[in-house]
Amino acid sequence: MIRSVFHRLLTAVSGRPAAALAALVLCGAAQGCGRQEAQFTHRAGFENLMPEAQSYVHEALEQHFGTPTQVVAWEQLPIKLHAAAGAVGAAPDARSIAVNYSQQNLPIEPGLQTAWLSGPLLQSQGDPAWVEAVDVAGRIMFEQPLASVPAEGDRVAIGPGEVLRYGRVLYAEHCQHCHGVSGDAQGPTASYLNPRPRDFRRGIFKFTTTTASNRASRADLARVIENGVPGTYMPSFKLLSDAESMAIIEYVLFLSMRGEVEYQLVTQLGNDYSNQAVKDRIDGGETRKGILDEFTGMVNGGDMQEQFNETVESIVTRWVEANEPEAIIVPGAKRPPATPESIARGRMLYLSQDLNCVACHGEAALGDGPQSYSITKNAAGEDNPTPGLYDEWGNLVKPRNLTQGIYRGGRRPIDLFARLHGGIKGTPMPAFGGKKTDEELWDLVNYILSVPFEVRHPGDGLKEARPVVEDVEQVATR
Amino acid sequence: MKKFWIALFMLVPILALWSCYVAPERGWWFPGTTGPYGGEAASPMGRRIDDLFYMILAITTVTFIGTQLALGYVLWTGARRGDAGSGEKAWFSHGSHNLEVIWSIVPAGILLFIALYQMDVVAAIRFKSEFPEQVQNRPLAEVTARQFEWRIRYPGFDANGNLLPLMADPQPTDLYAVNDLRLPAAQPVMINLRTDDVQHAFFLPELRVKQDAVPGLTIPVWFEADRADEFTLLCAELCGWGHYKMRARFVALREPDFLQYLRDLQAQQDYDGVPDAADEE
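If you're matching them up, the sequences are chains Z and B in order.
Sequential numbering from 1 applies to the first sequence in this note's numbering.
Sequential numbering from 1001 applies to the second sequence in this note's numbering.
Misleading hints may appear alongside valid ones.
Claimed, not checked - Dumping the calculated DSS-like pairs for lysine-lysine here, alpha-carbon to alpha-carbon at most 27 Å:
no.: 1; chain 1: Z; residue 1: K334; chain 2: Z; residue 2: K377
no.: 2; chain 1: Z; residue 1: K398; chain 2: Z; residue 2: K377
no.: 3; chain 1: Z; residue 1: K289; chain 2: Z; residue 2: K377
no.: 4; chain 1: Z; residue 1: K398; chain 2: Z; residue 2: K436
no.: 5; chain 1: Z; residue 1: K238; chain 2: B; residue 2: K1089
no.: 6; chain 1: B; residue 1: K1245; chain 2: Z; residue 2: K238
Simulated from the structure, these hints should not be mistaken for lab results.
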């Protein structure tokens, strides 16, 4: 690898002796440090499994997802994997084929591999066909004649796994130092950040425009990458091209699904095959050999395979559903103008017992409600270690101070509406969609957007909010 | 052997001159040297700054060649005197009043000349009272640097569609963008530069604009892009581990395009998620 890096550097700097010299020195230094291969690491509960269960989980993940440098393009996942994919079109011959594309993700360039997903050539993967060029008619031409002519309708992938490969390189460049090689938010710069970077491995993303029960859509991830998350360390990556952004999103989805599969496996096996569970079972009269035999039987030909398939299936379904139009929050009514009446209604909703916004965000919307300094309980019903609210990842989170005018998930009215409708996933911010009508939520949005411009004085209490519209008119006539 | 060392030392100034000579064509020169505009600054003020640079380069080149020739001469004569059988004696110059006066007055004169010569350029860049009339107190955007991105706030439109002035504090009508600064071309424009956290520097290399953003200060910066084009916006102050991520773009637009851009921004920012009936048709 070092040599190939060196070669690339030399090519890049050819004709510039000073730079070539610098490259030489750099390579010398790199060689001294030794080679470090990126590896996916395992989640917290993994170490508690008995060794045999650990190796099963490890192998299952490696088989279906690979390693960072040898990513497996698993067709089961709803991810854009290949540079292009489709079915062989009319009149294929041994030197060229036409393709009816089902997806075109990256430009087709000479040197890409062609993989056959069905038909007679499926078995001859050891003898890959390399793309030589795309002719004027759009037919793919091969460097060498194919071993046999594919049939019309055979499924074909051009540049298999190319999107993930590209995405991984970009992820390593832009994202990995915070979000970690495995998407576990354990990159070297992560520990300096507050709030902590997202851990993808639960498949939960906070800022989505999908309904409460759904995962994040691709558009949601794209928006976060393009605009960043204001008020956090997630910067905007606006200058990335569409293809680059797409590849990163697909790789992040890949990491999420890998993490979810791992989470599910570790949780399922943790019930019966954690070190503690095995110890308890042995104390209860079972033998270690009996437990091992049971586990081996389950894994080899038992129902583990079926369970694994079901797990993957349910994960896949959720991600597919998140990108369906039904998952997207579309308000039933247009946003009404931010009239004083609408803002006042919004404020009453904000203060109401029903929605109880004040419990966290406080009466003056400063993010200082009583919950923010109470002992709260986690998902398992235990007290959290310090006062305040915690998210699914076990991080202390602060309710948003709404007077600052910083909106992490975006400042468009639809962003705020979606936040109220679907909640902020993985955090204590609940979803009000279905609980309140869309008109009521719009009133609340109008109120929230007016909060940074309120003029309030000590002792004002719950007096009516000063409407924003007046400000606009004043500025206009100034 | 002595001659070898003299030749080696003389190689250094020759290499320095050679590298200066080939720098422009190799792209080691001003930003955009290899581009369509041949390294010329994309703003009138940038060209004045470049002129200053070239003038200083000329002065230092003459000085450099002179001192190197003198050094070569001294080495050469010293080597000659050291030869076996040479009866020549060295000239003892220590404490020469005349020499001391010369090498104090001449550089002081040069430095004074440079200091006075560049004064109006620096004033035009730095002092608000010297800014062009049409940009004084008329910022078109507030650029806030933060770790690690550029957040931009534009004034919005009033009810009649007229562009409002930019206020010091955020207004309900304001428009927001990130890492994408767009301003009118071919006219002086002014921005207010701020930072949310540490020190950053607002750097437009093609326009030769570089200004530190200092915590607690709002610093006015003006510039003028010659043409409607896309330029690089960078952070030029090492601001933390993500410094390299602070790359953005500055797009100079024709005035009507700029207003249209703000209107588009407004439409995006007001989007309420309900597709218009007209859009669906």
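task = Run the structure past the numbered hints and jot down the numbers of the failing ones, going up.
result = 1, 3, 5
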